[in-house]
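Numbering of the sequence shown is given in our numbering, commencing with residue 15 and proceeding in unit increments.
Watch out, some of these pointers could steer you wrong.
Stated by the list, open to error - Pairs of lysine-lysine residues, derived as DSS-like cross-links and limited to a Cα-Cα distance of at most 30 angstroms, are as follows:
hint	residue 1	residue 2
1	K110	K226
2	K27	K135
3	K226	K135
As the list claims (entries may be wrong) - What follows is a set of in silico ranges between Cβ atoms, one per label pair, in the way DEER data are often shown:
hint	residue 1	residue 2	range
4	G237	K53	16 to 26 angstroms
5	D123	S235	27 to 37 angstroms
6	V64	V129	30 to 40 angstroms
7	T16	D288	43 to 53 angstroms
Read the hints as simulated data drawn from the structure, not as lab findings. Please read all numbers here as calculations on a predicted model, not as lab measurements. Ideal Cβ placement from N, Cα and C applies to all residues, glycine included.
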Amino acid sequence: ATEAQRNKPAFDKEMREYFYERNPEWTILTTYISGGATKQVSERFAKNPVPESLGPAFRQNGYQFGIVNDEFLSRYVHVRTWPRSAGYYLSLFRRKDLWDQVPGEVVLDAVPAGVGGVSAKLSRGVELLGTEVEPTATERHEFFLTLWLRVAGPLEPDIYVFHHVENESYRLPYDAIPGDWMWPANRWRAGDIIEHRVLVQVPPGMNAGEYKVFVGLYRRSTGERLAVEQGPNDGQNRIPIGQVEITTLLPPFDQSIEPTDIEKQRHHPERIIDNGRKPVDD
15 ATEAQRNKPA FDKEMREYFY ERNPEWTILT TYISGGATKQ VSERFAKNPV PESLGPAFRQ
75 NGYQFGIVND EFLSRYVHVR TWPRSAGYYL SLFRRKDLWD QVPGEVVLDA VPAGVGGVSA
135 KLSRGVELLG TEVEPTATER HEFFLTLWLR VAGPLEPDIY VFHHVENESY RLPYDAIPGD
195 WMWPANRWRA GDIIEHRVLV QVPPGMNAGE YKVFVGLYRR STGERLAVEQ GPNDGQNRIP
255 IGQVEITTLL PPFDQSIEPT DIEKQRHHPE RIIDNGRKPV DD
C-alpha cells in the first residue's frame, strides 16, 4: 500500500471532523455509477428519485471522506437527488435542525399584496391563488416562475409541482417539490399559504420564440395529476398561466451578462431561518 493509502483513514476522519465543525446548512454529495450498472440504476431512479435508488455507490464515493454514515444521516435530511449526466448524480441535504423548522421564506402568513395572474381550484383541497411568470428568458438562460398555493392539509410526500414550457414542437419539463423543494406535501398544515418560486433553466439549444407555460400538481409514484376542478384547464389537468419569450441565447459566459446577485433574487430575506453559523475568520 502507498503512503497515501495508509494515511487515508486518518485523513478521512480529520475531514469529517472539520465538516461537522463547520456545520454547513446545506451540502451536496456526488455519486458515480459504474458503466455496467448505469442503465439499471437509471431505471430504478426514475421510479423513485432518492439516494437509496443509487445503490451502494451512494455511500462509497472515496472522494467524500466516508461522510455518508449513520452520524451524517442523523444530522442531515435528504432534500432532492438529480442526475447531471449518465452515471453521475447529485444529492442535496439540509441540516435536520433547520429542516424541522417551518421555512418562513416559502410558508407565508398571508397572501402577498398585489398577487395576480391565474387562480384555480384543484382536487384534494389545493387552491392556486395566483401566478407570476417573467416575460422573457434571454441573457441568463433562465427565468423565474412563481405560484401561490393554499392547502387543506398534508398529502403524500411525492406530490410534485410540474411546469411545462412548450410550443407546437418542443416541451421543456421541470418538476419540483412544492415551495421550491422546501415544503413537501407530507408537512403541509391546514391553511398553509405556500410561495412556490422556481428558477427554470433554459437549455442552450432551445429555439427562440413564444412558449406557453402550464402548471399543475401530480403524484410522482403513480403519475396521477390532481384534477383541476375550477379555473382554466387545457383538458389534461394542466393550468395555462401565461407565456414566456425565449430569444436568441447568448453563450452562458458572455461578458455582457451581469453576474447573478443572489441577494437581489431573494423574495423574503427577512424570513429566512438563521443557520447559527459563525462567519469564517479571514
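Structure-based check of each hint:
1. As the CA atoms of K110 and K226 are separated by approximately 38 angstroms, the hinted pair breaks the 30 angstroms bound.
2. Using a Cα cut-off of 30 angstroms, the hinted pair K27 and K135 is violated, with the two alpha carbons roughly 52 angstroms apart.
3. A distance of roughly 20 angstroms separates the Cα atoms of K226 and K135; the hinted pair therefore holds under the 30 angstroms criterion.
4. Between G237 and K53 the beta carbon distance is about 21 angstroms. The supplied range of 16 to 26 angstroms therefore holds.
5. Checking the proposed 27 to 37 angstroms range against D123 and S235 shows it holds: the Cβ atoms sit about 32 angstroms from each other.
6. About 33 angstroms separates the C-beta atoms of V64 and V129, a value consistent with the hinted range of 30 to 40 angstroms.
7. Range check, T16 to D288: about 45 angstroms between beta-carbon atoms, so the 43 to 53 angstroms window is met.
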